[in-house]
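Student: Now for the letters of each chain:
2 protein chains.
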Amino acid sequence: MAAKQQKKNAFYAQSGGVTAVINASACGVIETARANKDKIGKVYAGRNGIIGALTEDLIDTSMDSAAAIKALRHTPSGAFGSCRFKLKSLEQNRREYERLIEVFEAHNIGYFFYNGGGDSADTCLKVSQLSQKMGYPIQAIHVPKTVDNDLPITDNCPGFGSVAKYIAVSTMEASFDVASMAKTSTKVFVLEVMGRHAGWIAAAGGMASSDDNPIPIVILFPEVPFDKDKFLAAVKQKVEKFGYCTVVVSEGVHWPDGKFLSDQGLKDAFGHAQLGGAAPVIANMVKDALDYKFHWGVADYLQRAARHIASKSDVEQAYAMGKAAVQLALKGENSVMPTVDRTSNKPYRWKVGVAPLNKVANVEKMMPKNFISKDGFGITNKCREYLEPLIKGEDYPPYDKNGLPKYIRLKNVGVPKKLPDFEL
Amino acid sequence: MAAKQQKKNAFYAQSGGVTAVINASACGVIETARANKDKIGKVYAGRNGIIGALTEDLIDTSMDSAAAIKALRHTPSGAFGSCRFKLKSLEQNRREYERLIEVFEAHNIGYFFYNGGGDSADTCLKVSQLSQKMGYPIQAIHVPKTVDNDLPITDNCPGFGSVAKYIAVSTMEASFDVASMAKTSTKVFVLEVMGRHAGWIAAAGGMASSDDNPIPIVILFPEVPFDKDKFLAAVKQKVEKFGYCTVVVSEGVHWPDGKFLSDQGLKDAFGHAQLGGAAPVIANMVKDALDYKFHWGVADYLQRAARHIASKSDVEQAYAMGKAAVQLALKGENSVMPTVDRTSNKPYRWKVGVAPLNKVANVEKMMPKNFISKDGFGITNKCREYLEPLIKGEDYPPYDKNGLPKYIRLKNVGVPKKLPDFEL
Numbered sequence: 003m004a005a006k007q008q009k010k011n012a013f014y015a016q017s018g019g020v021t022a023v024i025n026a027s028a029c030g031v032i033e034t035a036r037a038n039k040d041k042i043g044k045v046y047a048g049r050n051g052i053i054g055a056l057t058e059d060l061i062d063t064s065m066d067s068a069a070a071i072k073a074l075r076h077t078p079s080g081a082f083g084s085c086r087f088k089l090k091s092l093e094q095n096r097r098e099y100e101r102l103i104e105v106f107e108a109h110n111i112g113y114f115f116y117n118g119g120g121d122s123a124d125t126c127l128k129v130s131q132l133s134q135k136m137g138y139p140i141q142a143i144h145v146p147k148t149v150d151n152d153l154p155i156t157d158n159c160p161g162f163g164s165v166a167k168y169i170a171v172s173t174m175e176a177s178f179d180v181a182s183m184a185k186t187s188t189k190v191f192v193l194e195v196m197g198r199h200a201g202w203i204a205a206a207g208g209m210a211s212s213d214d215n216p217i218p219i220v221i222l223f224p225e226v227p228f229d230k231d232k233f234l235a236a237v238k239q240k241v242e243k244f245g246y247c248t249v250v251v252s253e254g255v256h257w258p259d260g261k262f263l264s265d266q267g268l269k270d271a272f273g274h275a276q277l278g279g280a281a282p283v284i285a286n287m288v289k290d291a292l293d294y295k296f297h298w299g300v301a302d303y304l305q306r307a308a309r310h311i312a313s314k315s316d317v318e319q320a321y322a323m324g325k326a327a328v329q330l331a332l333k334g335e336n337s338v339m340p341t342v343d344r345t346s347n348k349p350y351r352w353k354v355g356v357a358p359l360n361k362v363a364n365v366e367k368m369m370p371k372n373f374i375s376k377d378g379f380g381i382t383n384k385c386r387e388y389l390e391p392l393i394k395g396e397d398y399p400p401y402d403k404n405g406l407p408k409y410i411r412l413k414n415v416g417v418p419k420k421l422p423d424f425e426l
Numbered sequence: 003m004a005a006k007q008q009k010k011n012a013f014y015a016q017s018g019g020v021t022a023v024i025n026a027s028a029c030g031v032i033e034t035a036r037a038n039k040d041k042i043g044k045v046y047a048g049r050n051g052i053i054g055a056l057t058e059d060l061i062d063t064s065m066d067s068a069a070a071i072k073a074l075r076h077t078p079s080g081a082f083g084s085c086r087f088k089l090k091s092l093e094q095n096r097r098e099y100e101r102l103i104e105v106f107e108a109h110n111i112g113y114f115f116y117n118g119g120g121d122s123a124d125t126c127l128k129v130s131q132l133s134q135k136m137g138y139p140i141q142a143i144h145v146p147k148t149v150d151n152d153l154p155i156t157d158n159c160p161g162f163g164s165v166a167k168y169i170a171v172s173t174m175e176a177s178f179d180v181a182s183m184a185k186t187s188t189k190v191f192v193l194e195v196m197g198r199h200a201g202w203i204a205a206a207g208g209m210a211s212s213d214d215n216p217i218p219i220v221i222l223f224p225e226v227p228f229d230k231d232k233f234l235a236a237v238k239q240k241v242e243k244f245g246y247c248t249v250v251v252s253e254g255v256h257w258p259d260g261k262f263l264s265d266q267g268l269k270d271a272f273g274h275a276q277l278g279g280a281a282p283v284i285a286n287m288v289k290d291a292l293d294y295k296f297h298w299g300v301a302d303y304l305q306r307a308a309r310h311i312a313s314k315s316d317v318e319q320a321y322a323m324g325k326a327a328v329q330l331a332l333k334g335e336n337s338v339m340p341t342v343d344r345t346s347n348k349p350y351r352w353k354v355g356v357a358p359l360n361k362v363a364n365v366e367k368m369m370p371k372n373f374i375s376k377d378g379f380g381i382t383n384k385c386r387e388y389l390e391p392l393i394k395g396e397d398y399p400p401y402d403k404n405g406l407p408k409y410i411r412l413k414n415v416g417v418p419k420k421l422p423d424f425e426l
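Protein chains in written order, with this note's numbering: chain A, 3 to 426; chain B, 3 to 426.
Mixed in with the good hints, there may be bad ones.
Each pair may be met inside one copy or between any two copies, as identical chains are not told apart.
Unchecked claim - Simulated crosslink set (DSS-like; lysine-lysine; CA at most 30 Å straight-line):
1) K72 x K314
2) K185 x K72
3) K295 x K90
4) K408 x K348
5) K394 x K72
6) K10 x K376
7) K314 x K408
8) K289 x K243
9) K367 x K261
10) K185 x K367
11) K295 x K261
12) K384 x K232
13) K88 x K243
14) K314 x K371
15) K295 x K333
16) K408 x K384
17) K413 x K371
Honestly, the hints are just simulated from the structure, not real lab data.
Sequences are here, hints too, so could you generate the full structure?
Tutor: Here you go:
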């Protein structure tokens, strides 16, 4: 019994906005834990992130077959449900930490794997301190994930490469389209992409253009305060030279005073405030000033869910991060995050590294200044060198006979509860 | 010399909104013409559709290699440029027809292949009457294309199947995403798709859900006058049952009085009218009435340009229509359009048919009533049976080492002009 007690179970949960490849990390965690059954018991997943731990809403992943777990690798979204929930500090809400310990103890959990971005790293860091601060032995490992690509230390964040590929491919395709139409119809296409604080995803739009295949693209970064006149001049110049222009606008683009472009005080016919996007604002602006016909699109969730065009290197790295997290736990590590360490650009080479969580949590990595071209509307070769390997390769999901991808839905069988209910 | 003169050249042009596979039809036309060099001379493409013919702006496709022409099969958009330009009737604008004959004569053109939708079929029909009405011997064949899927007689229109696949896959992916987020964040995702008059593309969103993998989807068709209360009740019921809901809204959705939902009299802070989409209107409506967190996307050009996820059957049929057009011309036909004739549903079988152009031009095929479910928010099994074969199979483009598709840009070398300029 004592020996059996020593083999601890693991907790795994997904946090924040989901991605095309966060389940590939889940797959890496679960498959690696299963390969180490002598050391790790069951993997319990939190239903809807840390909330699952607090409410003792645990999923017994062992009820799903090896084939089902394998299929996570090619399934977008968060298979166990995600959450937007940040633990307060121990001092502010001791009750939540005591509850976590209760749940972990009740289910013999000794490993905590948390899969998310900056906020989630903070949650993971707080959990990692349970051992030291409250005497409960836990090893907390953060598994990096975020389309925002803003975690420090790691070369990139799993999830980003696939969004970047989707945006690069879509920008290229839409640009080919508008180029065909420009003579008598649409001359400007505006695509809005994610990225409230950093322009990483917008930058990926710039990859659609290359020396071999130049495409007139104007990128609007959140890092560059919006200058209407300069922007309109840039669009006009491209349309005059190429006949058309594609604008990739980050949702976070704002005026010099910090106000978002999308927040333009729109009111409907009844005077109700309406939430719009940045793309229609930009499109209307082009129409009003230059009288070019336009179309606009907003990729929104399509971009981060687009597993059908995921980047191969992104899928591999997402899986590798999940696998490495378990290996780090088995080595006795706590309060760390595996990282992608780039060792060479051409050819692209990387290895798994490790970072202490207190250097990760609450640190935001912005786009380097030398990734944005001098005029503020494009990307530099340095940026291209960085992005290219991340969007390289395809990793197509299998398709069903009905023409749709075979994305898995797990059984997600609940673990019987042992504790009284807990109010969040 | 007389014998050589008998071998006529062909004119090919692209018209209307371009698609992911219209170039596959171009490929079918050019490759089949090249395979019949004993009967057909050069293929001249019109730069920007019929405008290229009127302005004598012809492209010599023989200047592009076999490999380049082959690559058209996997390249979206219109390689020669498209146009929105409808010929007036002979009675209304005889000058344009005389000009066409001048240009055709100057370049020894005896075959006219026009690749487009309903309006383009009308243009093609008018050109086909040149022989009879003006004594110029021409064989005009229409090559069907339109994402709207509204041409009569043919089972479907090349271009539609690929949009349908893109929308089905994207709806599935975004639905998986919102399902993951629903516990603490987004509960409703709204996706706006093309289709101003007919709901074919919106219907494709319904394919994301199946008996094996049920997804709560509410579809808003242009065929069904918008009923706000009924719609909100449908969304509420889905969210209460599944925890989340995806809304696929056609751009053509309108109120019972015919006014588009997207036309809501939006004014910005300065009182300027703003053109918005239907998706933000629907999303704001859900927020106001039900207080669910939402996200919305507008696929716009991304959907019709998405060659990266084209349907295999669509690509095959697009190519087959181009090939058949040339074969019909070689058989001496005029004023016809090749069609896709469905001969069996399960397994899906089809063959190439032929329709007289006067039965095609200016006839719009709407969605059959029995394709829309009784509540007006979904698709029937009859609709599924129709759509399923059209989105079946994948036909991936090759990718470059930089992670982007290898889409071809032709040289598009102009044919030396022989005539004076012509004012459009």
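Student: With reference to the structure, classify each hint as holding or not holding.
Tutor: Checked hints:
{"no.": "1", "hint": "K72 x K314", "in the structure": "both (16 Å within a copy, 27 Å between copies)"}
{"no.": "2", "hint": "K185 x K72", "in the structure": "between (49 Å within a copy, 25 Å between copies)"}
{"no.": "3", "hint": "K295 x K90", "in the structure": "between (50 Å within a copy, 23 Å between copies)"}
{"no.": "4", "hint": "K408 x K348", "in the structure": "between (34 Å within a copy, 21 Å between copies)"}
{"no.": "5", "hint": "K394 x K72", "in the structure": "both (22 Å within a copy, 24 Å between copies)"}
{"no.": "6", "hint": "K10 x K376", "in the structure": "neither (54 Å within a copy, 54 Å between copies)"}
{"no.": "7", "hint": "K314 x K408", "in the structure": "both (18 Å within a copy, 17 Å between copies)"}
{"no.": "8", "hint": "K289 x K243", "in the structure": "within (18 Å within a copy, 43 Å between copies)"}
{"no.": "9", "hint": "K367 x K261", "in the structure": "within (22 Å within a copy, 47 Å between copies)"}
{"no.": "10", "hint": "K185 x K367", "in the structure": "between (42 Å within a copy, 28 Å between copies)"}
{"no.": "11", "hint": "K295 x K261", "in the structure": "both (27 Å within a copy, 22 Å between copies)"}
{"no.": "12", "hint": "K384 x K232", "in the structure": "within (24 Å within a copy, 53 Å between copies)"}
{"no.": "13", "hint": "K88 x K243", "in the structure": "between (50 Å within a copy, 27 Å between copies)"}
{"no.": "14", "hint": "K314 x K371", "in the structure": "within (28 Å within a copy, 43 Å between copies)"}
{"no.": "15", "hint": "K295 x K333", "in the structure": "neither (60 Å within a copy, 42 Å between copies)"}
{"no.": "16", "hint": "K408 x K384", "in the structure": "between (38 Å within a copy, 23 Å between copies)"}
{"no.": "17", "hint": "K413 x K371", "in the structure": "neither (46 Å within a copy, 37 Å between copies)"}
The structure fails to meet hints 6, 15 and 17 from the earlier list, while all remaining hints are met.
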